[in-house]
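Undergrad: Letter by letter, the chains look like this.
2 protein chains.
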Amino acid sequence: MPATPAEQRSASIAVDCMGGDHGPSITVPACISFARAHPNDRLILVGRREAIEPLLAVAGSALPNISVHHASQVVEMDDPVEVALRKKRDSSIRVAATLVKEGEAAACVSAGNTGALMAISRYVLKTLPGIDRPAIATAMPNVLGRGTVVLDLGANAQCEPEHLLQFAVMGSALATALTDEERPRIGLLNIGEEVIKGNDVVKRAGELLRASELNFIGNVEGNDIFRGVADVVVCDGFTGNVALKSTEGVAQMIKAIIAEEFGRGLISKALKLVAAPVLLRVRSRVDHRRYNGAALLGLNGVVIKSHGSMDAFGFEKALEKAHEAVTHRMLEQITRTLEPLRSVLHATAGSEAPVEETMQ
Amino acid sequence: MPATPAEQRSASIAVDCMGGDHGPSITVPACISFARAHPNDRLILVGRREAIEPLLAVAGSALPNISVHHASQVVEMDDPVEVALRKKRDSSIRVAATLVKEGEAAACVSAGNTGALMAISRYVLKTLPGIDRPAIATAMPNVLGRGTVVLDLGANAQCEPEHLLQFAVMGSALATALTDEERPRIGLLNIGEEVIKGNDVVKRAGELLRASELNFIGNVEGNDIFRGVADVVVCDGFTGNVALKSTEGVAQMIKAIIAEEFGRGLISKALKLVAAPVLLRVRSRVDHRRYNGAALLGLNGVVIKSHGSMDAFGFEKALEKAHEAVTHRMLEQITRTLEPLRSVLHATAGSEAPVEETMQ
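Protein sequences, first through last, are from chains A and B.
Anchor point for the first sequence: position 5 equals 5 in my numbering, and the numbering is continuous, going up by one each time.
Anchor point for the second sequence: position 16 equals 1016 in my numbering, and the numbering is continuous, going up by one each time.
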């Protein structure tokens, strides 16, 4: 197989405009801003035409790289997966995923219900050969300024060692797509560096990873995610989800404490004004919106999930993640990395389990 | 059983002075400072007399509430548990635990090897009736300013639902001892609030907790630890350890970013000087040293573990945790809370597994 070029120029992205806590009022302005910044990309805005078009009109002159694709139904944030999958066949999520399947778009982006997005994407796009269970991955910030790809973040609450190996393969390909690093360093999230640490699943996953061709650097601990010790950190979806939300929680707490201390008394308030530019730089560097956009990996198509509560700035970051995944040929990378591992991965055939619905 | 008084006045504490990354050079000054602040407490400094006494002399006049108890051996940070347990019978950890067993001290404190401390404490002190496995618990900061007790933080990498129930009982008693709250709110760490979320162990643990007399509020997520939604958050030792270290990691990263941004250019440096008092207040409120001192719960005695890398300020905080546990009669609280649950807890008899050696 000839090496694929590192980049292609443009991406065509189907956007579920109805998902998330705020729907079109957030997603459409984000699309306008993105379309202006990426004139070579093409956005297909999926959802209720009557909800989308008035918001598009606000942009003034029509943007040549935005089109609208009507979808009559909306998956609500609290819809059970079965309802989303069986009763809402013309939902904006389903139509966006179908555009990817039919080759009309190279990626889709949604801020909707994660469980529904995962189930629908899996139903429409299917998984890649060798992958039992798709995983949710995102780049978390680290001191080096490059992100650490962490997965699974909640799609699979219970995993077998072989699933962790599959996550490692997919995470490695995502890191390559994001950073051009040919052999990203893979760490296995554990509670100590020594080989004997951890529970049975992690110990056996360590053996599989050591035997693989991946650039496995061994066990890493929770704090190593933020030290940039590894490019990819692999864990089950339960642990990953707890780690992600715990770190979001502590970051929010620190932000609240800084605001409180700079608001305490007149001198502090004056200081806050003077120090504002520095505090703004700090805030921007730890701004979780910048890291918005998790990839649903292992599907036969690029699917990016935005956090449901994001504003337009954050949602645009998710669109950028889709752009990067497409232009860096993430899907081809994953398929290529999977090939030599096919025999190991197929050891798990038949162990397929239903995807958990997790995360908002 | 009559209600015990909420407080007793003083505590007698055996201190392993040899443990931790820095040994007596840190532990002895911390003991001097603590002894001065708590004239009614009594400290027994355990370890090599020749290493401890010269550092005590620095304090000038002898402190009446400090005595030295010689122990000839030291458990190294990288000693395997078997070596610590079988080959070092006169180690400072073992001697300190024995002082608790013999009633010479009401608590012991160590910054040594966690695995060895847990194994030795368990061997010397035994577990409480109804408890299969001791757990490691600490109070993590929250926005309310009171701590959230989280356990297990790494003693048990693999847990059964009954163990999580035991952790809830012990954590509840610790929270009562720390905050005088009679019925602390217990949360089960999970990846969503709904009952159907999570892996099998967590789902079954939820059923046990709902059926118990504890003040169980249901599932909580990682970020809820820092929001103070629950007084106690229960999880297996793998998840707890990852959550603890991830939050330490992100807090350190934010600290580094703040330092970097205030060090960028002359104006920022000047601002840093001006804003120093506010930044200091922020730093003090998120200072992990203030939260140092994890309790090894479920043992027939109070054992407090200090982080191995702590300085004297942090080690003194661990001594204060021991003081609080003793004066608030934590052990009696746990025993009392365990009693009505004895029948449920004994369902797990025979499932006892070896304690993992985790954390430094």
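FYI, nobody ran anything at the bench for these hints, they're computed from the structure.
For glycine and all other residues, C-beta sits at the position ideal for the given N, C-alpha and C.
Don't take each hint at face value.
[Said to hold, decoys possible] Examples of chain B residues lying across from chain A (beta carbon under 10 Å, computed):
#1 SER1061
#2 ASN1065
#3 GLN1073
#4 MET1077
#5 PRO1141
#6 ASP1224
#7 ILE1267
#8 PHE1313
Undergrad: Look at each hint and say if it fits the structure.
TA: Results of checking the hints against the structure:
At a threshold of 10 Å, the smallest CB-CB gap from SER1061(B) to chain A is about 40 Å, leaving the interface hint violated. Hint status for ASN1065(B) relative to chain A: violated, with the closest Cβ pair at about 36 Å, above 10 Å. A least Cβ separation of about 23 Å between GLN1073(B) and chain A goes past the 10 Å threshold, and the interface hint is therefore violated. The restraint placing MET1077(B) at the interface with chain A is violated, with a minimum CB-CB distance near 12 Å, outside the 10 Å limit.
Residue-level restraint check for PRO1141(B) holds (minimum Cβ-Cβ distance to chain A is 7 Å; threshold 10 Å). For ASP1224(B), the interface hint holds, the least distance from its beta-carbon to any beta-carbon of chain A being 7 Å, beneath 10 Å. A hinted interface residue such as ILE1267(B) counts as satisfied when its beta carbon comes closer than 10 Å to some beta carbon of chain A; here the least separation is about 8 Å, so the hint holds. The interface hint given for PHE1313(B) is violated, since its Cβ lies 20 Å from the closest Cβ of chain A, which is over the 10 Å cut-off.
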